[in-house]
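The task is simple: from the sequences and hints, build the whole structure.
Letter by letter, the sequence shown follows residues 2 to 391 of the working numbering.
Everything labelled a hint here was simulated from the structure, so no lab data went into it.
Errors might be hidden in some of the hints.
As the list claims (entries may be wrong) - Pairs of lysine-lysine, DSS-like flavour, derived with a Cα cap of 30 Å:
| # | residue 1 | residue 2 |
| --- | --- | --- |
| 1 | K93 | K34 |
| 2 | K321 | K259 |
| 3 | K199 | K4 |
| 4 | K7 | K321 |
| 5 | K7 | K199 |
| 6 | K93 | K7 |
| 7 | K72 | K4 |
| 8 | K268 | K230 |
| 9 | K321 | K263 |
Remember, it's a predicted structure, so these values are computed and weren't measured experimentally.
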Amino acid sequence: MNKNFKNMIIIFIGFFFLSLFSNTLSPFITTIKNTYHVSNSIIAMLPSIIYLASFIMSIVGAKLMAPLGLKKGLYLGFSFALLASIIIVLSKSFYILLVGYFISGLAVGMGSLMLSTLLSMLPTQYQKFSLANACFGLGGILILPIDRFILKQNINFNYTYVIHIILIILFIILATRINGINAVQSESKDTSSFAVLKNPMVLLLSIAIFFYVGAEISTTNWTGTFLEKFYGLNKTEVPNILLGFWILFTIGRAVGDKFLEKVGQLKFLAISPIISIIGIFIILSGRNKLQALIGIGIIGITISLIYPALQGYLIQNVEKKYVPPTSAVITIFNNLGATFLTYVIGFAGEIQVTYVFIIQIIFYLYIVIVSAHYIFFRPKMISKNNKSVC
Numbered sequence: 002m003n004k005n006f007k008n009m010i011i012i013f014i015g016f017f018f019l020s021l022f023s024n025t026l027s028p029f030i031t032t033i034k035n036t037y038h039v040s041n042s043i044i045a046m047l048p049s050i051i052y053l054a055s056f057i058m059s060i061v062g063a064k065l066m067a068p069l070g071l072k073k074g075l076y077l078g079f080s081f082a083l084l085a086s087i088i089i090v091l092s093k094s095f096y097i098l099l100v101g102y103f104i105s106g107l108a109v110g111m112g113s114l115m116l117s118t119l120l121s122m123l124p125t126q127y128q129k130f131s132l133a134n135a136c137f138g139l140g141g142i143l144i145l146p147i148d149r150f151i152l153k154q155n156i157n158f159n160y161t162y163v164i165h166i167i168l169i170i171l172f173i174i175l176a177t178r179i180n181g182i183n184a185v186q187s188e189s190k191d192t193s194s195f196a197v198l199k200n201p202m203v204l205l206l207s208i209a210i211f212f213y214v215g216a217e218i219s220t221t222n223w224t225g226t227f228l229e230k231f232y233g234l235n236k237t238e239v240p241n242i243l244l245g246f247w248i249l250f251t252i253g254r255a256v257g258d259k260f261l262e263k264v265g266q267l268k269f270l271a272i273s274p275i276i277s278i279i280g281i282f283i284i285l286s287g288r289n290k291l292q293a294l295i296g297i298g299i300i301g302i303t304i305s306l307i308y309p310a311l312q313g314y315l316i317q318n319v320e321k322k323y324v325p326p327t328s329a330v331i332t333i334f335n336n337l338g339a340t341f342l343t344y345v346i347g348f349a350g351e352i353q354v355t356y357v358f359i360i361q362i363i364f365y366l367y368i369v370i371v372s373a374h375y376i377f378f379r380p381k382m383i384s385k386n387n388k389s390v391c
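Shown next, in the form of structure tokens:
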């Protein structure tokens, strides 16, 4: 088997397992609340703790990348996941559980950073960012029936993490087969993670990632509530619509790399968010279920490739030595958006649920403007010889 292809497949498996691990919590929120007899305000801390830990570790991981190297960093990230799973399985109190989920956030931050950077260091033809994100999305879809089975069988939710313990150990063993990816060299002042932000392209597109992540998470978090309040749909109809959204979203990412190669990342980024905005106008102006389905479908398919397009363009438009710090910056801004914008949009949604989608229009317009800027007003940042303004 081709060495780079083998490395790519192992990285994809890592994204899939990490997604299974990180998406296990959501269906169990109510179960955890009832099991440990905690209030709504206390249980609300769980997602916050994970986002915060992931954001912190993405910054720390960027600093550790050079001294540790990518493979050891990957082992460390999945070791955090192993430790978190063991703590969650054995936890008898909510606060021990909280520690376990904090460590799980560290695992997601470090694991996603190292996997993304390993993928970024492969030759361009193997940098299948869209497919990697599809693998992550697939994990989020497949964990739901597993969680539902656990709940229906009245099995203690903690035992779900026994599955993760087994999968994590298997992946750590599999990850030893990754080879031939150049180690990250010692970090110098001009190649440190935050130094690359001096490049306007890296800064502006990283901000685009920040906004996109806020838009994506707010869509997934608030669409159900929006459909119930705005369209009056019942709770049995909403999950099917959300499943349709996730299927379209994942299919888009599964086939996205070829599409982006043909269309071009910047052209896609200048057009797709506009179509997403049209989808938002459809759901905000609609009054029946069909309009909701059309609008949600448009949003699902059009936003699916925005993150891979941003990620791919950034990685492929800096010199090779700047790839690791640029990958780190992408992960940091991703986690910053998840940590900060989740609360800003959540606050707006509590006031008026339609504000969730109105705010997204601003985010998408920013992506369109920045992308158009680099299409029409700035020369391309990179040639096939990997020359860059960095």
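A quick look at each hint next to the structure:
1. K93 <-> K34: 13 Å, holds
2. K321 <-> K259: Within the cut-off at roughly 23 Å; holds.
3. K199 <-> K4: 35 Å, violated
4. K7 <-> K321: Between K7 and K321 the Cα gap is close to 21 Å, so the pair holds against 30 Å.
5. K7 <-> K199: Answer violated: K7 to K199 is near 35 Å, above 30 Å.
6. K93 <-> K7: 41 Å, violated
7. K72 <-> K4: 16 Å, holds
8. K268 <-> K230: 36 Å, violated
9. K321 <-> K263: 23 Å, holds
Consistency note: the structure conflicts with the earlier hints numbered 3, 5, 6, 8.
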